[in-house]
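K.L.:
The chain contents come next:
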Amino acid sequence: MPDSATLEAVNIDQDAGNFSYPEDYQHDAGVGLSEATIDYISDVKGEADWIREFRKKALKIFEGKPMPTNWATKDLENIVFENIRYYLSKGQTPTRSWDEVPDDVKQTFERLGIPEKERKFLSGVEAQFDSEAAYSNVKEELSKEGVIFVNSTEGLREHPELFRKWFGKVIPTGDNKFSALNSAVFSGGSFIYVPPGVKVKHPLQAYFRINAENFGQFERTLIIVDEGAEVTYMEGCTAPKFETSTLHSAVVELVAMKDAKIQYITVQNWSANVFNLVTKRGMAHENAEIRWIDCNIGSRLTMKYPGVIMKGRKARGEVISIALANDGQHQDTGAKMIHAADETTSNIVAKSISVGKGRSTYRGQVHIPKHLKGCKNNTECDALLINSSSRTDTYPAITVRGNQHATQHEASVSQVSEDQIFYMKQRGLTEAAAMSLSVNGFVNDLVREFPMEYSVELKRLIDMEMEDSVG
Amino acid sequence: MSQSLKIENLHASVEGTEILKGLSLEIPKGEVHAIMGPNGSGKSTLSKVMAGHEDYEVTEGAVFMDGENLLDLEIDERSRAGFFLAFQYPHEIPGVSNANFLRAALQARLPKGEEIDAVAFYKDMYEKMDSLSMDRKFTGRSVNDGFSGGEKKRNEILQMMMLEPKYAVLDETDSGLDIDALKIVAEGVNRMRSPERGFLVITHYQRLLDYIVPDVVHVMSDGRIVKTGGKDLALELEAKGYDWITDELVATA
Ligand SMILES: Nc1ncnc2c1ncn2[C@@H]1O[C@H](COP(=O)(O)OP(=O)(O)O)[C@@H](O)[C@H]1O
Ligand SMILES: [Mg+2]
Chain A
1 MPDSATLEAV NIDQDAGNFS YPEDYQHDAG VGLSEATIDY ISDVKGEADW IREFRKKALK
61 IFEGKPMPTN WATKDLENIV FENIRYYLSK GQTPTRSWDE VPDDVKQTFE RLGIPEKERK
121 FLSGVEAQFD SEAAYSNVKE ELSKEGVIFV NSTEGLREHP ELFRKWFGKV IPTGDNKFSA
181 LNSAVFSGGS FIYVPPGVKV KHPLQAYFRI NAENFGQFER TLIIVDEGAE VTYMEGCTAP
241 KFETSTLHSA VVELVAMKDA KIQYITVQNW SANVFNLVTK RGMAHENAEI RWIDCNIGSR
301 LTMKYPGVIM KGRKARGEVI SIALANDGQH QDTGAKMIHA ADETTSNIVA KSISVGKGRS
361 TYRGQVHIPK HLKGCKNNTE CDALLINSSS RTDTYPAITV RGNQHATQHE ASVSQVSEDQ
421 IFYMKQRGLT EAAAMSLSVN GFVNDLVREF PMEYSVELKR LIDMEMEDSV G
Chain B
1001 MSQSLKIENL HASVEGTEIL KGLSLEIPKG EVHAIMGPNG SGKSTLSKVM AGHEDYEVTE
1061 GAVFMDGENL LDLEIDERSR AGFFLAFQYP HEIPGVSNAN FLRAALQARL PKGEEIDAVA
1121 FYKDMYEKMD SLSMDRKFTG RSVNDGFSGG EKKRNEILQM MMLEPKYAVL DETDSGLDID
1181 ALKIVAEGVN RMRSPERGFL VITHYQRLLD YIVPDVVHVM SDGRIVKTGG KDLALELEAK
1241 GYDWITDELV ATA
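For the protein sequence lines, the chains are A and B, in the order given. Read in this note's numbering, the first sequence has 354 at position 354, and its numbers run on one by one without any break. For this note's numbering, add 1000 to where a residue sits in the second sequence, where the first one is 1.
Quick caveat, the hints were computed from the structure, so don't treat them as lab data. Treat each hint with caution, since some may be false.
[Stated by the list, open to error] Chain B stretches covered by chain A per the calculated footprint, using a threshold of three residues with CB under 8 Å from any CB of chain A:
1. 1073-1081
2. 1087-1095
[Said to hold, decoys possible] Straight-line Cα separation of at most 27 Å, BS3-like style, residue types lysine-lysine; simulated pairs:
3. K459/A <-> K1137/B
4. K1112/B <-> K459/A
5. K1123/B <-> K459/A
6. K261/A <-> K169/A
Just so you know, even glycine gets a beta-carbon here, dropped at the ideal spot from N, CA and C.
Hey, can you work out the whole structure from these sequences and the hints?
P.N.:
Following this line, the structure appears as structure tokens:
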């Protein structure tokens, strides 16, 4: 059991996220998207020409690509790109001390408990407010070992030789419409480099906060972990409950060199007006391991399929995903496993919970080509329905060619029955507590794999969400 | 205010069919009453109506617990007010350990902001499990998941011991128990007998009542109490069978 100090430290109250401060932005790219928007962003950031060109090329690709409504939800058509604000910042440059962070920004993160968590159990923190980071710090002993943890603007400016090599290589601009959009207007996000052999003991944490209405947040994260090195990265996200929709469209690229290990944990708690359309993929070299732990709670629509390209022999990829779709929400999540070398292993465990009219979709893609030997995949998707109007769909696509591989696929759908809730209520639990305990029971075996702090946080978020759902 | 569990002219139906047809009885605090009756006479329906199951519509009558009408309360409020039902068919809760479930149930009884004392909780739970000869491994297993019939019944009694209700209804707690388990469960119930607590023991067989000796025995048939007597009534029923009651009813009708 976590002690009470830890419990308190990780306690992010969902409603504690439902507040915003007046908008007084020094830099505002205005509404709508054009080449001028890109020039504005590039000018404010003082970017190198290659980045400006990279952005403009991406804009063309974005404009040329149709919405993926042929396979995905028509709700995407409700995103009005002309009404979105693509860049907002208070002109802050990230400081290494909370004292220098602008007051209202600092208050935001204090209300969310970030500085306290940092003291308690993190190796480094980056806190992004709308388009730019406001705070970024990594423990001194880590910087001495050569660990770099900065925002994307600084990463591209200060360490181009390191980051340019992999930037946009794991996820090409044209991967999908939203990766192209991100490539055009990205701002913020983390750039991390861990030198060979360095095992970062405590997690690095990024926190993404949307404060403004009609805003699009497009952070870009690139994590490179060199040979034999290890890191755990954790991201958390919130936004206030606005009337109109907000867009969050990130691109996250991971590179694990030989024998490296990356664990990337997301505990997302977007409010119900956010379109959350994120592309995440990692490349695992020989004997490297990439593990995505992805918890999606909240948002109006989430589309996210973390992937691993297993490029070197004996590389391993894993996606552990938990999605909770409450009334009016749609969680369209899954995983993508591309086996590109012999003896590579992938594991997918996806659990979804649909409450009320909430809708969950699982999409998986596992690709094992014919010329490879000794690859393994295990896929498991379980759906839990709480009340009959919930909806769940599963689209597993497992293409395995050749016969020298082992794959296993299991899927299940279960219900929290009224009699189960009745039984629990007869013991004195409220409806919300009974539902929450049932949901926690359903994801329990996955949550046990999380670092303790995040399992406590996830449990709290589930509690809040169930409170909301019974009103 | 009368200190009793009092059922007054209770009528309840399911999907338009009346199952309880004007049932009345009163269990004063401190007493143990038994209800016996043939299968299908409505015993489980009575227990679930008292607990507040939404499948059943109460069309008439009331259930007073120490003067308060239980039917005015939500299911969970009834529980926290001190009403406990040991189910005939306890439900499974996948993924939720017995310990966590009990803890949540006890936590629900504390005022907001107050936390359960984990050390005291485990100590108490282990003692009670020992008294029921339950293996400690049960604390980590999911509630009723993969339990045998007998294990489920013991678990119901454990929950009752932990929650210390004012009134407990035990619905066929003896079914599925071998004689040793029956004795253990009966001892558990007997230890809980007190002037501060009332029991309604529902059973199909007289056997249980050798170990939990009731103060009063009611016979139920077709949604009503048709006969009430002392503990010897159970023996008489056992000897003569339920037909004796139903025949007698027909004769007096
Ligand atoms: N949920 C229900 N739906 C339909 N019929 C029910 C339901 N519950 C009970 N009944 C009916 O009510 C009658 C009494 O059942 P029950 O209360 O289980 O009897 P007992 O416990 O005395 O054996 C039976 O005829 C049974 O079929
Ligand atoms: Mg019954």
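K.L.:
With reference to the structure, classify each hint as holding or not holding.
P.N.:
Right, here's what the structure says about each hint:
1. 1073-1081: holds (count 6)
2. 1087-1095: Holds, because 7 residues of the stretch 1087-1095 of chain B bring their Cβ atoms closer than 8 Å to Cβ atoms of chain A.
3. K459/A <-> K1137/B: holds, 24 Å
4. K1112/B <-> K459/A: Roughly 18 Å separates the two Cα atoms, so the pair holds.
5. K1123/B <-> K459/A: The hint holds at about 26 Å.
6. K261/A <-> K169/A: With Cα atoms ~19 Å apart, K261/A and K169/A stay inside 27 Å; holds.
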